[in-house]
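Given only the sequences and the hints, what does the whole structure look like? Please build it.
Protein sequences appear in the order of chains F and L.
Just so we're on the same page, our numbering is the position in the first sequence counted from 1, plus 19.
Just so we're on the same page, our numbering is the position in the second sequence counted from 1, plus 303.
Because the hints were derived from the structure by calculation, they are not lab data.
Since the structure is predicted, the reported quantities are computational estimates derived from the model, not experimental observations.
Even glycine gets a Cβ: it sits at the ideal position worked out from N, Cα and C.
Heads up, a few of these hints could be off.
As the list claims (entries may be wrong) - With a Cα cut of at most 20 Å, we get these calculated DMTMM-like pairs of lysine to aspartate or glutamate:
1) LYS95/F - ASP487/L
2) LYS305/F - ASP672/L
3) LYS153/F - GLU222/F
4) LYS682/L - ASP672/L
5) LYS278/F - GLU429/L
6) LYS245/F - ASP286/F
7) LYS278/F - GLU427/L
8) LYS414/L - GLU222/F
9) LYS414/L - ASP134/F
10) LYS278/F - GLU434/L
11) LYS414/L - GLU242/F
12) LYS278/F - GLU433/L
What the hints assert, rightly or not - Simulated coverage check for chain F against chain L, where a stretch passes if three residues somewhere in it have a Cβ under 8 Å from a Cβ of chain L:
13) 125-131
14) 297-304
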Amino acid sequence: MSIFVDENTKVIVQGLTGGQGRFHGLRNRDYGTKVVGGVTPGKGGTDVEGIPIFNTVKEAVAATGASASFVVVPPKFASDAIIEAAEGGITFIVCITEGIPAHDEAVTYNRLVEDFPGVRLLGPNCPGIISPGKCNIGITSGDIALAGGPVGIVSRSGTLTYQALHELSQQGIGQTTCVGIGGDPVPGTNFIDCLAAFEADPETKAVMMIGEIGGSEEERAAEWIKLNMTKPVVAYIAGVTAPPGRKMGHAGAIISGSKGTAQAKMDALRDAGVHVCANPTEAGAKMVAIVKAM
Amino acid sequence: MDLFEYQGKQYFARYGIAVSPGDVADTVDEAVAVAERVGYPVVVKAQVKVGGRGKAGGVKLANNVDEVREHAGNILGLDIKGHVVRRLWVERSSDIEKEYYASFTLDRPNKTHLGMLSAQGGVEIEVVAEENPDAIAMISIDPVRGLDIETARRWVAEANLDEPAREQTAELLVKLYDCYTRGDCDLAEINPLILTPDHKVHALDAKVTLDENASYRHPEWEEFRADEFEDPREKMAKERGLNYIGLDGTVGIIANGAGLAMSTLDVVNQVGGAAANFLDIGGGANADVMAAALEVINADPKVRSIFVNIFGGITRVDEVANGVLEALKRVTITSPIVLRLDGTNAVEGRAILAPHLNDHLITEPTMIDAARRAVALAK
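What follows is the structure, encoded as structure tokens:
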């Protein structure tokens, strides 16, 4: 099984007629994802390589029965696009947009929680989600993932997600689902959401978690793992050598005062029984060893 | 982007928050001119983006023109924790009856806004939080609803601010929240917020961090940018549109993706080296981007080797390889380059580089191997 999406998930792409939307939307369809429509205001009635375009999410959902949306629009339109998706009946929204102001993210997140409690937002500023062989929504290259499980991956970083997939796939270890939660300060979906879903998924036997400096989501995840997780977890935290007070590329990756350091996160995870590794390669090797011993 | 105090005060003033009358000065004569204009006594304050100015001798009271000359002369050029003072803020000195603390920031775990208010200002809030946490009144603000004056009044009472300060502070907090949200701050902090003997409340300091992601809707931020970088390497990188942070080591780093770039720094450190920089070239690593990245790193005299760490996802490794070769035609790179290329079209990418490899252009199969090689070359 997979989490959040599966082979039947019908997806619309908000921004399919744009350069990026077209590129990734078609790539997702080529992977086998059921990309059933696109939404661009004013372009309803046209199509992108056979994928029908609608003016609104509501029309797209009515015509296609889609439950998921892939939001790939510029930062200044992203918040409205996310809310439109929720209002239009979408229950799983993946937003890859990088550069959304933090206050917009905070407002959007809380509007979803208050007005659309059944909706899950993944991202913004994330690589998306891939369940190998079933569904790929986002920008992950499908050929570095391997179907058949048994590992679930959850990561705050895009390229390190690819690195993790690569380390496992090369050794013949497949993945149930790989979720990129994104590097922004207000992620719609957090580590705990994914860990809980992996814990509940019978096909996922172990979880690889990739965190980075900033915030306290890894520490909260550690608490959760300690109390609830029965499956083995391997973790890697990027940014041990990052200087305090500087945003390391991601808007959320910043050490403020003594908070958010990689060391504090690694200590908390170790304390929760997680296998904490020094770099992505070691994390991959550790996971391979755990799976092979099962 | 962190603002200097004077920029923070200018920003506060836009949102109607009271600050002391004052102006910037880059020379002793300018400092005197400001002091004559605003009236004595004045406070001469070093403009550096680091705490602990007062202890370092960067904040002085001046009662007359001679004292302004003396203090301005001493403070300009002063080194405060590695930050050299190039600019002063000179403002009319305020009589202080009470010092408070007020700030707004994002509460990441709760995904709400966090307001902090304390009747014990003028000292580091971290110290108050440690020694007397009850002295800080915190409120969680729903970003959808915002902060209204009624809530602010209750909050001020809860923080036990002195009676004469309460109504003015409540009004100021609503303005500060407006500055924080509409002004797109990551942090808006006043420490100290003061009550004067004649019962006026105003901001005596300003600590503001702006959210770069919101710069598209703030053309007024442009004036802050001129003084943004103290590190010339970062200035050069910014001009070329690169996501770069200068560090102290000898291994120049180029990686795609923020997470991988951070991880590259860590791995270099694990094998006994130290990175000269953080540089994330993002998704499109064409020749222009690669040339710009190599140029910036090449200009750093401390760099002894360059580690290019690429995992192709959307980025195609063959394009990266062509980018490197193209860049080498345009820029003469003095340090050896070690590449680790993986992911989309890695085989094609390595093949493109194969005929050009020599002791200044090296490939390694894994991230760790490449880190070891780059570190060895930097010794």
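Consistency of the hints with the structure:
For the proposed pair LYS95/F and ASP487/L, the alpha carbon gap of about 14 Å is at most 20 Å, so the pair holds. A distance of roughly 18 Å separates the Cα atoms of LYS305/F and ASP672/L; the hinted pair therefore holds under the 20 Å criterion. At most 20 Å may separate the alpha-carbon atoms for a hinted pair to count; LYS153/F and GLU222/F meet this at roughly 14 Å. Between the alpha carbons of LYS682/L and ASP672/L the distance comes to roughly 16 Å, so the proposed pair stays at or under 20 Å and holds.
The suggested pairing of LYS278/F with GLU429/L holds, with an alpha-carbon distance near 11 Å, which does not exceed 20 Å. With a CA separation close to 13 Å, the supplied pair LYS245/F and ASP286/F stays within the 20 Å bound. Between the alpha carbons of LYS278/F and GLU427/L the distance comes to roughly 16 Å, so the proposed pair stays at or under 20 Å and holds. With a CA separation close to 32 Å, the supplied pair LYS414/L and GLU222/F exceeds the 20 Å bound.
Straight-line distance between C-alpha atoms of LYS414/L and ASP134/F comes to about 16 Å, which keeps the hinted pair within the 20 Å bound. At roughly 18 Å between alpha-carbon atoms, LYS278/F and GLU434/L fall within 20 Å of each other, so this suggested pair holds. For the given pair, LYS414/L sits about 18 Å from GLU242/F by alpha-carbon distance, which is consistent with the 20 Å threshold. A threshold of 20 Å between alpha carbons decides the hint, and for LYS278/F with GLU433/L the separation of about 14 Å falls inside it, so the pair holds.
Coverage of the segment 125-131 of chain F by chain L holds in this model, with 5 residues showing a Cβ closer than 8 Å to a Cβ of that chain against a need of three. With 4 residues carrying a beta carbon less than 8 Å from a beta carbon of chain L, the segment 297-304 of chain F meets the three-residue requirement, and the given coverage holds.
Checked against the numbered hints listed earlier, the structure breaks hint 8 alone; every other hint is satisfied.
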